[in-house]
Amino acid sequence: MIIKDNEEIFSEELKSERFFIQVKRSFAIAKKDLKIYYNKGPVVIQGFLFPLILFFAFTVGRNIIPIYLISGLMAMVMFMTSTSIGPVVFPWETRSKTLERLIACPISIKTILLGNIWSSFIFGCVFSIVPLLLGILFFGLWASINILIIILGIIVASLAFSSFSLILSVPPTDMPANTMILTILIKFPILLLTPIFMPIHAAPYGIVSPLTYYTDIINVGLGESSAFGPHGLLLDFCILILFGLGFTFLAFVLHGKTLQKRFRG
Amino acid sequence: MNAIVVRNLTKYFTPSKKEKKKGRARNPSLESRKQGNNSIIRAVDHIDFEVKNGEIFGFLGPNGAGKTTTIRMLTGILKPTNGEILIFGQNFWNNPIKAKQIMGHVPEEANVYMDLTGLENLSFIGELYGISKKERISRAEQLLKKFELFEKRHLKSKKYSKGMKQRLLLCMALMSNPKILFLDEPTSGLDVQSSIIIKKLIKDYNKNGMTIFMTTHDMDVANEMCDRIAIINRGKLIGLDTPENLKKLKQEYQAVDFYFTKEAKESELENLSSVKEVRKIRDYYHIIVHDLNDGICEIIEYIKSKNLKVKKINTYEPHLEEVFLKMVNGGDDY
Ligand SMILES: Nc1ncnc2c1ncn2[C@@H]1O[C@H](COP(=O)(O)OP(=O)(O)OP(=O)(O)O)[C@@H](O)[C@H]1O
Ligand SMILES: [Mg+2]
Chain E
0 MIIKDNEEIF
10 SEELKSERFF
20 IQVKRSFAIA
30 KKDLKIYYNK
40 GPVVIQGFLF
50 PLILFFAFTV
60 GRNIIPIYLI
70 SGLMAMVMFM
80 TSTSIGPVVF
90 PWETRSKTLE
100 RLIACPISIK
110 TILLGNIWSS
120 FIFGCVFSIV
130 PLLLGILFFG
140 LWASINILII
150 ILGIIVASLA
160 FSSFSLILSV
170 PPTDMPANTM
180 ILTILIKFPI
190 LLLTPIFMPI
200 HAAPYGIVSP
210 LTYYTDIINV
220 GLGESSAFGP
230 HGLLLDFCIL
240 ILFGLGFTFL
250 AFVLHGKTLQ
260 KRFRG
Chain L
0 MNAIVVRNLT
10 KYFTPSKKEK
20 KKGRARNPSL
30 ESRKQGNNSI
40 IRAVDHIDFE
50 VKNGEIFGFL
60 GPNGAGKTTT
70 IRMLTGILKP
80 TNGEILIFGQ
90 NFWNNPIKAK
100 QIMGHVPEEA
110 NVYMDLTGLE
120 NLSFIGELYG
130 ISKKERISRA
140 EQLLKKFELF
150 EKRHLKSKKY
160 SKGMKQRLLL
170 CMALMSNPKI
180 LFLDEPTSGL
190 DVQSSIIIKK
200 LIKDYNKNGM
210 TIFMTTHDMD
220 VANEMCDRIA
230 IINRGKLIGL
240 DTPENLKKLK
250 QEYQAVDFYF
260 TKEAKESELE
270 NLSSVKEVRK
280 IRDYYHIIVH
290 DLNDGICEII
300 EYIKSKNLKV
310 KKINTYEPHL
320 EEVFLKMVNG
330 GDDY
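Going down the list, the sequences are from chains E and L. So for the first sequence, numbering that gives the first Met the number 0 puts the first residue at 0; every next one is plus one. So for the second sequence, numbering that gives the first Met the number 0 puts the first residue at 0; every next one is plus one.
No lab work stands behind these hints: they were computed from the structure. Watch out, some of these pointers could steer you wrong.
[As the list claims (entries may be wrong)] In the BS3-like style, the derived pairs of lysine-lysine whose C-alpha atoms are separated by at most 30 Å in a straight line are: (1) Lys-14(E) / Lys-78(L); (2) Lys-132(L) / Lys-30(E); (3) Lys-199(L) / Lys-96(E); (4) Lys-206(L) / Lys-145(L); (5) Lys-145(L) / Lys-34(E); (6) Lys-30(E) / Lys-308(L); (7) Lys-235(L) / Lys-109(E); (8) Lys-199(L) / Lys-256(E); (9) Lys-30(E) / Lys-260(E); (10) Lys-30(E) / Lys-164(L); (11) Lys-151(L) / Lys-96(E); (12) Lys-260(E) / Lys-161(L); (13) Lys-199(L) / Lys-260(E); (14) Lys-109(E) / Lys-97(L); (15) Lys-97(L) / Lys-96(E); (16) Lys-260(E) / Lys-235(L); (17) Lys-144(L) / Lys-34(E); (18) Lys-34(E) / Lys-202(L); (19) Lys-34(E) / Lys-157(L); (20) Lys-23(E) / Lys-39(E); (21) Lys-39(E) / Lys-161(L); (22) Lys-157(L) / Lys-23(E); (23) Lys-23(E) / Lys-144(L); (24) Lys-132(L) / Lys-23(E); (25) Lys-97(L) / Lys-14(E); (26) Lys-14(E) / Lys-51(L); (27) Lys-96(E) / Lys-164(L); (28) Lys-260(E) / Lys-109(E); (29) Lys-260(E) / Lys-164(L); (30) Lys-30(E) / Lys-161(L); (31) Lys-14(E) / Lys-161(L); (32) Lys-246(L) / Lys-96(E); (33) Lys-202(L) / Lys-96(E); (34) Lys-97(L) / Lys-260(E); (35) Lys-39(E) / Lys-151(L); (36) Lys-30(E) / Lys-157(L); (37) Lys-96(E) / Lys-158(L); (38) Lys-78(L) / Lys-96(E); (39) Lys-109(E) / Lys-145(L); (40) Lys-30(E) / Lys-155(L).
This structure is a prediction, so every number in the text was calculated from the model and none was measured.
Okay, chain L solo, but in the shape it has when bound (with noise of 0.2 Å):
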């Protein structure tokens, strides 16, 4: 059974006549999806996917893709312009209120209640999901301690620390112990230690049977965490994949940059067997290779028979865009 079933789902906005006025696009991709003279945004733009029960359903894609306008959607905060939204079967817009009962949320730029306290945010949730007061307590005070804020649940959210913030976040979404949970940019601005705790205790709830729905632009988070991962980018899904296909395609992008202290040839690193591709940027070579390791040892000893030598040397990781550019051209318009 699918936990979500999305068709045509489709969001344009209107910018308010402020922003008109300044007449600047807020990200440069949003250019492209403009409508002519009334300049409509194409924000997410017909996409069709499911998502299995029990997975963990990965939404990757650069800035401004249209990651939180979909996951705004599915939970309800936006109206979508067109398109249909399935909870186990039932249509979303039918009856959010019914839809929402079984989801949780952690918006991209949510917040706590400054002036309540760790349990009263909790409680608080808990009632507006029609929990009882003695279960409220006990659920609440449980997942506190899961997370570590059971020692300040007395105190005031103000006090608390960004991190700690996020974690009771994750608590309000949990309180209702939700089929499906939506988490936007989990990670994202956490350090690496509060990032760990939480991925661990993502899949710790999926492996219960939670799915879970997440959105990222961070392609190795996508990779450790999620079974599959859909792909977005400027509003249009443009792959569904697993993440070690994921892996793959980054790989082929592997690159090494070079700075050498005089010219070399382009040709000549060009017919190298590991290397693919090279291209002269400025003062140095941007060299696309096979295998990494292959690649460095096979230059290194054309440096050293040309007696070249090597003022520094920037290994690279691609970009998530390069990768999805690969995949829509094929790599050509790199």
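So that you can see chain E by itself, here it is in the shape it has in the complex (with noise of 0.2 Å):
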């Protein structure tokens, strides 16, 4: 190979490094991610088993009205399955030693991030139709539903969501039992702070907790008016907005700290 001079070496290549590229290769690591974590542990039984038990646990016995009910067992969901992958998978490929391969990639680690953020996000859309079929369908809640504010607050619950479980996997350990311990830690008390099943008014400490918002955005959505008053929507919206990129930028940093700690000789 004869080489005349060094441009010719790098400019037949992409110009990888431009965010476009970065973006497109991210996509690359969501369909990994989504190839190797639809049936893992942690999807299915917080995507699925948990808000399952907890809908049982919250709502027997009570006299709750469907839309409530819908949009309890949706904000569960969502938050229960954007969040579910976003804590392991760091620790999960140290473990399994494909961080190095994926390191030695010509990505940033921003881009494996961005990845996880976009997996998580599917994961978080497609749980969160289930729910809301059965609304549709057995408590007739067609009728009064606005399907686009629904849908927007799905994608944009998701994204801040799963931007947000990010961060639970910046400690670097290789266990992700670890992190999962840390997730529980954190991811019940918002839960729980969250008024799902009630009206929002019924619990004022509801406003600490990021979920509150997606849930008055399908409280809506479905047909009540919004707690927040006539801008409510819009607040909502803005809240869950600045939360996810807040909670991204967060994450560009804390990894791009521990990401070196990871590779221990």
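With the hints as a guide, bring both chains together as one complex.
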């Protein structure tokens, strides 16, 4: 191989450091995550089993109107699934010794994190369809439904909670169980602080939980009015978007810091 | 043109709290590299070298020498504490993604994705290098055929044998058709047959212009494969040589261990013309010879003449560490 100058070596390649090329590569990461995790414990347990159990625990014997039943279920499923794999990907990849290979590829840590967000996002969206269909088919909620608000709500919340969940895998451990414990310690209080299966006014402390705003969006989408006044819907979306962007930024910074510690000699 | 230029490359580790508590270094050579009470580990300590375009460059050193740490810095996994890495003249850490685009890497303890098939693993890596779908599939199939994995391409990798996984890892590193291929101990832990296949394929790729940077702790592998060999010990480069010179050095260290039924006289053995040095160690004599064949013949003659009887003979392959020490200390401190 005769090389005339160094430009020739690099210029024939894609300008792979460019933003949109990295975004494209993050889709490859997401595809890989989906293939690997769709049938793994955390997703199935949190996306399906937990919501089912909690649903009965919260609702049996209580007289709850269908809108709150469905929005509560949707909030639970959304929060549980979109935060299910974020905390385990990094420890799992460290443990199974695939991370080093991944980092040696022409991508940055941000690309990997972005890929993880997309895959959690898809899990969040797909699992949300089940309770929504339930509401439409069995509770006849289609009459008053605003499907656009609901879809937008699902998309925004799913992205926001996905990026939030990445923070939980920042500690450089190679034991998925470690981050799972941290996850449960943080996730359950948030869930319990959220006024689900009830009117949002009934629990004023609910404003501290980001999940409350998603619940409000779904309530509005199902025909209720917002608990936060005439511009409540706008407020809901703004808060979720800010929440998501903030945690994405935080994940980029913190993971950049702990990444090196994952490679022990 | 140099494919890789390394200047002053350095990596220090500060042990984690857990390791400090254990208070025990994972390997003995570490102690000497620790600095004072804050116990910094100097894994790689101010090294300089160049790798020419198109050569197979070997990085030879005993366990814990700093080989993996060096290769991890060259492939963007670890950030150097200090120093500069130029890849075809471009500073690596100014734009790691750009540099990584033209590299392939088989890490020391890497693994494939067990839940993906062989083909999916390759396609995934290809996608990360920005290779189009059509091209990905065709390259992957070519590689799988070459590495005799084609039949099993739709099988999940967790069902592969160790040798098959190693070959798949190599395929993953070759997916992007890299200009520089990094291999960390490519043949260690493989059976003879697999390692012969892998060595041959590496040489083939090199003939077609690929620059290869490989580490090994096996002098014979280095001699067989590499155009030039850098020797690293305790984080420092102590020599840069061709295989021929290294072989010579090794030959200078040929030795035989003789176990006799009776005591022999060390001084008499030492006076034999082909014997360089004799040392009595427990119940045997460690005899360093100038030439293995002449040495053994002469010692046998001596044995006959003295009516000694031989219990056991071991020829002795010099350890890398001994050759190193000889290079560093001129052989006094054996
Ligand atoms: N992440 C790390 N944290 C702390 N110490 C490390 C780390 N990585 C390597 N070391 C130490 O640095 C030294 C060099 O290690 P390295 O893995 O580079 O050696 P090596 O030449 O590859 O050895 P081997 O032949 O065993 O693979 C060792 O003493 C090791 O314990
Ligand atoms: Mg090593």
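Against the structure, the hints come out as follows:
| no. | hint | verdict |
| --- | --- | --- |
| 1 | Lys-14(E) / Lys-78(L) | 22 Å, holds |
| 2 | Lys-132(L) / Lys-30(E) | 14 Å, holds |
| 3 | Lys-199(L) / Lys-96(E) | 26 Å, holds |
| 4 | Lys-206(L) / Lys-145(L) | 16 Å, holds |
| 5 | Lys-145(L) / Lys-34(E) | 27 Å, holds |
| 6 | Lys-30(E) / Lys-308(L) | 72 Å, violated |
| 7 | Lys-235(L) / Lys-109(E) | 34 Å, violated |
| 8 | Lys-199(L) / Lys-256(E) | 40 Å, violated |
| 9 | Lys-30(E) / Lys-260(E) | 26 Å, holds |
| 10 | Lys-30(E) / Lys-164(L) | 22 Å, holds |
| 11 | Lys-151(L) / Lys-96(E) | 22 Å, holds |
| 12 | Lys-260(E) / Lys-161(L) | 27 Å, holds |
| 13 | Lys-199(L) / Lys-260(E) | 36 Å, violated |
| 14 | Lys-109(E) / Lys-97(L) | 15 Å, holds |
| 15 | Lys-97(L) / Lys-96(E) | 24 Å, holds |
| 16 | Lys-260(E) / Lys-235(L) | 23 Å, holds |
| 17 | Lys-144(L) / Lys-34(E) | 25 Å, holds |
| 18 | Lys-34(E) / Lys-202(L) | 35 Å, violated |
| 19 | Lys-34(E) / Lys-157(L) | 14 Å, holds |
| 20 | Lys-23(E) / Lys-39(E) | 25 Å, holds |
| 21 | Lys-39(E) / Lys-161(L) | 24 Å, holds |
| 22 | Lys-157(L) / Lys-23(E) | 28 Å, holds |
| 23 | Lys-23(E) / Lys-144(L) | 29 Å, holds |
| 24 | Lys-132(L) / Lys-23(E) | 13 Å, holds |
| 25 | Lys-97(L) / Lys-14(E) | 7 Å, holds |
| 26 | Lys-14(E) / Lys-51(L) | 25 Å, holds |
| 27 | Lys-96(E) / Lys-164(L) | 13 Å, holds |
| 28 | Lys-260(E) / Lys-109(E) | 17 Å, holds |
| 29 | Lys-260(E) / Lys-164(L) | 26 Å, holds |
| 30 | Lys-30(E) / Lys-161(L) | 26 Å, holds |
| 31 | Lys-14(E) / Lys-161(L) | 36 Å, violated |
| 32 | Lys-246(L) / Lys-96(E) | 36 Å, violated |
| 33 | Lys-202(L) / Lys-96(E) | 27 Å, holds |
| 34 | Lys-97(L) / Lys-260(E) | 24 Å, holds |
| 35 | Lys-39(E) / Lys-151(L) | 24 Å, holds |
| 36 | Lys-30(E) / Lys-157(L) | 19 Å, holds |
| 37 | Lys-96(E) / Lys-158(L) | 17 Å, holds |
| 38 | Lys-78(L) / Lys-96(E) | 19 Å, holds |
| 39 | Lys-109(E) / Lys-145(L) | 34 Å, violated |
| 40 | Lys-30(E) / Lys-155(L) | 16 Å, holds |
In terms of the numbered hints stated before, the structure departs from hints 6, 7, 8, 13, 18, 31, 32 and 39, listed from lowest to highest.
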